[in-house]
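S.K.: Using the sequences plus the hints, can you model the full thing?
So the protein sequences, as listed, match chains S and P. Numbering-wise, the first sequence is residues 213 to 325 according to my numbering. Numbering-wise, the second sequence is residues 178 to 340 according to my numbering.
Calculated from the structure, these hints are not laboratory results. Hints should not be assumed to be uniformly reliable.
[Said to hold, decoys possible] Computed from the model, here is a short list of chain P residues facing chain S with C-beta under 10 Å:
{"id": "1", "residue": "204"}
{"id": "2", "residue": "207"}
{"id": "3", "residue": "208"}
{"id": "4", "residue": "209"}
{"id": "5", "residue": "211"}
{"id": "6", "residue": "212"}
{"id": "7", "residue": "216"}
{"id": "8", "residue": "219"}
{"id": "9", "residue": "292"}
{"id": "10", "residue": "300"}
{"id": "11", "residue": "317"}
{"id": "12", "residue": "319"}
{"id": "13", "residue": "321"}
{"id": "14", "residue": "323"}
[As the list claims (entries may be wrong)] Chain S is nowhere near these chain P residues, computed Cβ spacing over 12 Å in every case:
{"id": "15", "residue": "192"}
{"id": "16", "residue": "197"}
{"id": "17", "residue": "278"}
{"id": "18", "residue": "285"}
{"id": "19", "residue": "312"}
{"id": "20", "residue": "316"}
{"id": "21", "residue": "333"}
{"id": "22", "residue": "338"}
{"id": "23", "residue": "339"}
{"id": "24", "residue": "340"}
Since this is a predicted model, take the numbers as computed values, not measurements. Every residue, glycine too, gets a C-beta built ideally from N, C-alpha and C.
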Amino acid sequence: MWVFQAIGLFFTAIAWRLTGALRLGRTLIRALSSRNENLRNIAGILLVRAGKRAEPLLQEALHRRENLPMTLTLLADLGDRIVEKEIQPFSTDRDPRVAEAARQALRVFESNR
Amino acid sequence: MTLPGAGGDSHTYILQNVRPDLYKQPDRFGWSGGYSDAARNLAGEDLVQWVNQRREQGLDLITHSHGGNVAMQSTQVNTGLTVGELILLSCPVHIPKYQPNFGMITKRAVSIRVHLDLVILADRGGQRFSLPQITENVLPVWFDHSASHKPEIWQKYNVPAML
Numbered sequence: 213m214w215v216f217q218a219i220g221l222f223f224t225a226i227a228w229r230l231t232g233a234l235r236l237g238r239t240l241i242r243a244l245s246s247r248n249e250n251l252r253n254i255a256g257i258l259l260v261r262a263g264k265r266a267e268p269l270l271q272e273a274l275h276r277r278e279n280l281p282m283t284l285t286l287l288a289d290l291g292d293r294i295v296e297k298e299i300q301p302f303s304t305d306r307d308p309r310v311a312e313a314a315r316q317a318l319r320v321f322e323s324n325r
Numbered sequence: 178m179t180l181p182g183a184g185g186d187s188h189t190y191i192l193q194n195v196r197p198d199l200y201k202q203p204d205r206f207g208w209s210g211g212y213s214d215a216a217r218n219l220a221g222e223d224l225v226q227w228v229n230q231r232r233e234q235g236l237d238l239i240t241h242s243h244g245g246n247v248a249m250q251s252t253q254v255n256t257g258l259t260v261g262e263l264i265l266l267s268c269p270v271h272i273p274k275y276q277p278n279f280g281m282i283t284k285r286a287v288s289i290r291v292h293l294d295l296v297i298l299a300d301r302g303g304q305r306f307s308l309p310q311i312t313e314n315v316l317p318v319w320f321d322h323s324a325s326h327k328p329e330i331w332q333k334y335n336v337p338a339m340l
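M.R.: This is the structure:
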């Protein structure tokens, strides 16, 4: 049942915060591709709340084209302009949903200036 | 009438069964669904621009999750949005950061939510509005943030009667 998985994500996020273990963070990354909308949302929120700690994991996902376009949105939410140039090439992606997400992500960076 | 923060099955269901005047053109409003204030503020400005370009001021808005906060932001920005009815489905409560300018709402604001929404818990938002101008409706459903936009939940608990 998704509720137990959701509680698991909360505990995973706490354990990740306490230990810094990347495999715990990757559990949240994997949950972004869940078929359950609630789990995807919870994972996304917990990753953004983790701030800088989530950035290398999301960059890793971006390079593997995992969970696009959500990964692009989350990187913009973190707001670190270092990743802006990594997002830029996706704005002309062959997948229109990915390209649009990248353009929106770049607009979020722009609005933060 | 538009749906920031909700789409797909819920849009089709509402259009066919609840509000035949629901906006149905292919250019309907959408936003990134981002989890940051920056993404929501940007979406609020985009919504104002979208409405003004179509000269559709006074729309009823059906929103889900932070789409509700986007709509509220759009009533606060300069030359803000005039809204008819504001319907907030499972909206995370972040007052005073996000609250409507009630002077810009010409009909009423309605909140429809579930018990102990786990997505709102993760978001550290409040579960209910305590503003007297917003009518609260709590569905007999626990934890499920997405329940409030599911057609089967609307049918089972007669959500259209709450609008």
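S.K.: Identify every previously stated hint that the structure contradicts and give their numbers, smallest first.
M.R.: Structure breaks hints 1, 9 and 11.
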